[in-house]
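Visitor: These are the residues of each chain, in order.
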Amino acid sequence: MSYTSYKDNREFIKALEAHGELVTIQQEVDWDLEMGAIVRRVCERKLPALYFKRIKDYPGFEALGAPLATYRRLAIAMGMDPHTSIPEISDEYVRRTTGTPIQPILVDRKKAPCKENILLGNDADLFKLPGPMVHDGDGGRYLCTWHFVVAKEPDTGMINWGMYRQMVFDEKTMVGPVLPFSDMGKMFYGKHVPKNKPMPFATVIGCDPLSGVAACAPSPIPEDLFTGMLMGKPVELVKCETCDLEVPAHAEIVIEGEVIPNLWIEEAPFGEYTGYRTSPREPRTVYRVKAITHRNQPILTVSNMGVPTDEGQLLRSFSLGLEMRKLLESQGIPITGVYMLPESTHHMVVVGVRPAYSNIATQIANLVFGSKLSPWFHMVIVVDEETDIYNKDDVIHALATKCHPINGIRKYEHAVGTPLYPFAEPDDRKWSRGAQVLFDCTFPLDWPKADLPIKVSFNKVYPKEIQDKVLKNWKNYGFKD
Amino acid sequence: MPGKEYDTFILTDFASVPEEQEMELIVRDLTPADRRYKYRSAYVTALVSKSESKYPDRLWIRLGRGQLQEKPWSIKILKELNKLPKD
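Line order of the protein sequences matches chains A and B.
Read in numbering that gives the first Met the number 0, the first sequence has 452 at position 453, and its numbers run on one by one without any break.
Read in numbering that gives the first Met the number 0, the second sequence has 26 at position 27, and its numbers run on one by one without any break.
Among the hints, a few may not be true.
[What the hints assert, rightly or not] The calculated lysine-lysine pairs, modelled on BS3-like cross-linking and capped at a C-alpha distance of 27 angstroms, are:
#1 B:Lys-75 / A:Lys-171
#2 B:Lys-85 / A:Lys-190
#3 A:Lys-194 / A:Lys-238
#4 A:Lys-325 / A:Lys-410
#5 A:Lys-429 / B:Lys-82
#6 A:Lys-6 / A:Lys-151
#7 A:Lys-196 / A:Lys-185
#8 A:Lys-429 / A:Lys-194
#9 A:Lys-55 / B:Lys-3
#10 B:Lys-78 / A:Lys-289
#11 B:Lys-37 / A:Lys-289
#12 B:Lys-3 / A:Lys-171
#13 B:Lys-85 / A:Lys-196
#14 A:Lys-190 / B:Lys-82
#15 B:Lys-53 / B:Lys-75
None of these hints come from the bench; they were simulated from the model.
In this text the structure is predicted, and so the values were computed from the model without any measurement.
Full structure from sequences and hints, please.
Guide: Have a look at this one:
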């Protein structure tokens with residue numbers, strides 16, 4: 000079954016505009032900090048996406064800022080009503096992505112707009128693209144902030160699309176962190192570096208919105224198939240110019256090249272998704288460019304990581320939480336839902352459960368902390384079914400009242416972490432070491448029923464007939480809503 | 000004609016930066032002839048001084064998390080190094 004989806008960002012821009020989710024800026028904007036500052040303010044105030052029509056020094060280029068930084072825009076990307084609730088978007092996402100994977104189809108290069116301009120040799124110059132200086136103090140121009148890097152596992156041929164930030168070093172060189180536990184890190188450091196063999200890559204900028212959503216998702220399903228599941232139809236790919244990789248045919252810009260083994264260049268600092276500039280400037284993975292292809296009048300996508308909420312935080316929270324939901328459901332845990340708060344910069348997940356047996360919260364934490372998802376978050380809050388996991392006030396109330404300060408907290412030491420954790424010791428950041436914690440907000444099952452505290456809320460402590468009467472007369476009492 | 004401007008990230012104690020002797024570092028060009036190339040990085044050998052007036056070009060200093068220091072140093076670039084593989 001095919002769903003309403005957009006084959007490229009141009010169609011998505013029109014949809015955003017039609018739903019009042021786009022501001023078009025005709026005035027010329029400087030790529031050097033001004034564009035980043037505008038996008039940052041939009042993220043912090045949860046305003047519509049931005050369509051920059053004129054970029055200083057780069058006539059002919061345009062940019063789309065903060066394309067998916069709200070649930071409204073995610074709903075539009077999925078072909079849903081922008082007012083769809085988070086639980087409904089979540090259910091739809093899980094439904095679409097638990098079916099049969101949909102293989103991509105290969106299209107002829109003549110039908111691939113991303114081949115409208117092909118730059119090779121000296122023409123493949125990264126400074127011909129309007130990579131923004133996103134934040135003052137960044138280590139360089141981050142051309143790739145909302146994009147994905149395509150790589151292929153050399154033995155299985157399995158494809159990975161992942162969002163690995165890339166900073167422009169010089170005309171032909173980009174550099175960025177590729178953590179060893181990431182999918183591309185396993186391919187590169189596990190398979191190519193030991194043989195001192197470069198790894199082909201293709202960076203895709205300005206893909207259709209669902210390909211971007213798929214690239215954020217920590218699913219075991221390869222992202223080119225996962226995109227098809229989200230769309231309900233195959234994503235159209237085209238062969239690269241210089242390597243045996245395939246990229247979305249309707250992308251705006253594609254950068255092809257090789258990841259170089261046993262060579263590192265200093266990268267960072269960068270304003271990161273945690274809302275801080277945390278990870279140290281240090282030697283990181285090097286990408287050498289062989290070709291750039293782009294559409295006519297190409298539209299660069301620009302995300303601006305910082306304090307919530309940007310699309311990295313929102314979509315990573317969304318998909319991490321829902322992969323956890325799939326994992327817990329596959330194990331038969333009687334959960335009522337999983338919600339990772341974007342405001343936690345995908346560090347904190349709330350799991351709702353029917354406490355069917357003792358220590359169920361510990362079992363949940365052991366499962367999610369033991370999975371491949373675990374380096375990206377470190378706090379699990381388990382609540383019972385009377386807490387609305389999507390309601391921050393309700394979750395904070397449960398945390399503050401039901402979690403015993405000693406018995407309800409379990410600490411997990413010696414965890415895998417990332418260099419981006421602001422709370423981590425400098426040496427732990429360097430070695431990607433972390434720690435994790437469970438907050439068990441369920442009452443112990445062995446407490447006598449008579450001793451169980453009763454939640455005092457409108458829905459809980461009044462008879463149904465009183466609730467109905469009050470609701471029926473609400474406006475008569477003088478309230479508007 | 001005013002000199003060019005560069006910046007660099009100093010990740011060690013300032014006292015350990017060798018002054019007035021040839022050293023290798025990464026600099027970013029802040030004043031290229033073609034503005035599209037602003038922030039282009041390069042490995043160079045250069046002479047560096049904490050005095051703003053010692054050498055012809057200005058060198059702004061940033062710390063590891065991007066903090067810009069108030070007073071610039073000066074730099075004389077001797078050579079750009081090609082440390083990257085040829086295509």
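Visitor: Confirm or reject each hint.
Guide: Now the hints, each set against the structure:
{"no.": "1", "hint": "B:Lys-75 / A:Lys-171", "result": "holds, 25 angstroms"}
{"no.": "2", "hint": "B:Lys-85 / A:Lys-190", "result": "holds, 23 angstroms"}
{"no.": "3", "hint": "A:Lys-194 / A:Lys-238", "result": "holds, 26 angstroms"}
{"no.": "4", "hint": "A:Lys-325 / A:Lys-410", "result": "holds, 24 angstroms"}
{"no.": "5", "hint": "A:Lys-429 / B:Lys-82", "result": "holds, 24 angstroms"}
{"no.": "6", "hint": "A:Lys-6 / A:Lys-151", "result": "holds, 23 angstroms"}
{"no.": "7", "hint": "A:Lys-196 / A:Lys-185", "result": "holds, 14 angstroms"}
{"no.": "8", "hint": "A:Lys-429 / A:Lys-194", "result": "holds, 25 angstroms"}
{"no.": "9", "hint": "A:Lys-55 / B:Lys-3", "result": "holds, 22 angstroms"}
{"no.": "10", "hint": "B:Lys-78 / A:Lys-289", "result": "holds, 26 angstroms"}
{"no.": "11", "hint": "B:Lys-37 / A:Lys-289", "result": "holds, 21 angstroms"}
{"no.": "12", "hint": "B:Lys-3 / A:Lys-171", "result": "holds, 23 angstroms"}
{"no.": "13", "hint": "B:Lys-85 / A:Lys-196", "result": "holds, 15 angstroms"}
{"no.": "14", "hint": "A:Lys-190 / B:Lys-82", "result": "holds, 24 angstroms"}
{"no.": "15", "hint": "B:Lys-53 / B:Lys-75", "result": "holds, 9 angstroms"}
This entry satisfies every hint, going by the numbered hints stated previously.
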